[in-house]
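Sequence order for the protein chains is D and F.
Counting from 1, position 73 in the first sequence corresponds to residue 72 in numbering that gives the first Met the number 0; the numbering is continuous, with no gaps.
Counting from 1, position 157 in the second sequence corresponds to residue 156 in numbering that gives the first Met the number 0; the numbering is continuous, with no gaps.
Fair warning: there could be bad hints in the mix.
Which stretches of chain F does chain D cover? Using the computed rule of at least three CB atoms under 8 Å from a CB of chain D, they are [unchecked claim]:
(1) 35 to 45
(2) 124 to 131
Listed next, with one range per pair, are the computed distances between beta-carbon atoms [stated by the list, open to error]:
(3) D/I102 / F/E9: 36 to 44 Å
(4) D/Q228 / F/K49: 45 to 53 Å
(5) D/A75 / F/D114: 19 to 27 Å
(6) D/A23 / F/A150: 55 to 63 Å
(7) F/Q107 / D/L240: 39 to 47 Å
(8) D/T258 / F/E121: 33 to 41 Å
Straight-line Cα separation of at most 20 Å, DMTMM-like style, residue types lysine to aspartate or glutamate; simulated pairs [unchecked claim]:
(9) F/K106 / D/D48
(10) F/K164 / F/E121
(11) F/K105 / D/D48
(12) D/K63 / F/D123
(13) F/K163 / D/E38
(14) F/K164 / D/E4
(15) D/K134 / D/D169
Since the hints were made in silico from the structure, they are not lab data.
All C-beta atoms in this analysis are idealised placements derived from N, C-alpha and C, irrespective of residue type, glycine included.
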Amino acid sequence: MNDCEEYRERLADWHMGRLDAAAAAGLERHLNNCADCREALAATAFVLDSINNLQAPEPPANMKVDFRAMLDDFKAKEKKPVFRDRVWSWLLQPRLPLAYGLIILLCIGGAYLLGRSNKQGHEIQELHAGVQEQKQTMMLAMLDNPLASERIKAVSYTNDLKKVDDKVIDALFTTLNNDPNVNVRLSALEALAALGNHPEVRTGLIKSISTQDSPVIQLAIADVMLKLQEKGSISPFKQLLKQRGLDENVRDKVKQTITKLI
Amino acid sequence: MLQVKAGDLERMSLLFQRHHRALFGFLFHLTQRREASEDMVQTVFYRMLKYRNSFTEGSSFSGWMYHIARNVLKDQKFGFDNKYDPIDALEDKIAGSTSADDSLEKKQSRQQLYDALAMLSEGDREILMLNRMKELNYPEISEIMGISQGAARVRVSRAVEELKKIFIKKGIKKDS
């Protein structure tokens, strides 16, 4: 490595003020006598200044509010560990997988033996029901997760549930009407749309029309209502049209939806 | 942070106040995604609360925070997408400036820089973004990246050289 190469490796540090006094003095002496390295320094300085001066958008004000909510929630959970959490953490202890393995093997063995005695169908059904119940509990717990991506994952678990009960439907509506993140709300809406054969889902969706303020969700609800051919939504949609400051795209979409439903 | 570790969780709000802006900037510059960066800031603070016992006395809080941020970033598997958020849409939200005083040249040079950064490897981009933080020096950067201080020095210098080459290739010059 010649001298210049060695000095050039230090240019970035020199520009950032990260060289010790002796090394800086040595480099400066070299720079005084080397036009090529001075040119290299100017280019290094330009690159570093460009990056250092790069500005990020202002973080939105709601970030502080979200943090406050997360911190309060965390503090509350720390203070009084919820019974359910304690059960979960006990069940999820690292030393338990072997025990689970054995239990599963026993269940399968049991189911097999029972099957041989013509009771197979009934027992396996029970086993399935147990798994379904576990999935449901997990989904409901994950909906409280502070991470939006985890909550979306929780909502998507609804597709795996063979039978959806009131608890799940309630949780999905709570998410649709209250979750701070629009993407989570949107995924809850999609999950609910797939459950359109439940009358209570249809009623809940109709009610939700008036509570939503995000144009994205309003547009999506209009699509869902059209798909479900839900005439009960006409009246709340008409109410929505009276709302001041309604997004123009939403207004057009709602008008079209009403025409198609009538 | 030691007070948080000792159980005074409320102290975390002071740390949030002090660091969330820089952390948001770091995540934004590496992903170009506003909402995802917001979410990731919350995740980083959540993880710091949850794993507060892993913070060791005498170590740098910023170093620890960016180490966690890097893991969160990896979990999200975001690529650098310089076309994701149109820069124009961000103009009125840029910290400390308004769209009125942000000239067209400024916008163009920022876009040029994002385009150039997109041509770097992920590791080079990351180390340059850590290097620009005033609160991080080589001991912290090496800790965050899991490499020696000497290696961190060399990697910063090489990343700068790479970016210099890209600048030349793209004809980016001072006052261009």
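Each hint, compared with the structure:
1. 35 to 45: That given contact holds, which follows from 7 residues of the stretch 35 to 45 of chain F lying within Cβ reach (below 8 Å) of chain D.
2. 124 to 131: holds (count 4)
3. D/I102 / F/E9: 36 to 44 Å: holds, 42 Å
4. D/Q228 / F/K49: 45 to 53 Å: With a Cβ separation near 47 Å, D/Q228 and F/K49 satisfy 45 to 53 Å, so the hint holds.
5. D/A75 / F/D114: 19 to 27 Å: Violated: the Cβ-Cβ distance is about 46 Å, outside 19 to 27 Å.
6. D/A23 / F/A150: 55 to 63 Å: Roughly 21 Å apart at Cβ, these two residues miss the hinted range, so it is violated.
7. F/Q107 / D/L240: 39 to 47 Å: holds, 43 Å
8. D/T258 / F/E121: 33 to 41 Å: Once the Cβ atoms are compared, 51 Å apart, the range 33 to 41 Å for F/E121 and D/T258 is violated.
9. F/K106 / D/D48: holds, 16 Å
10. F/K164 / F/E121: holds, 16 Å
11. F/K105 / D/D48: Within the cut-off at roughly 14 Å; holds.
12. D/K63 / F/D123: Violated, at roughly 31 Å.
13. F/K163 / D/E38: Measuring from Cα to Cα gives roughly 12 Å; hence the hint holds.
14. F/K164 / D/E4: The given pair, whose Cα atoms are some 16 Å apart, holds under the 20 Å limit.
15. D/K134 / D/D169: Holds, at about 16 Å.
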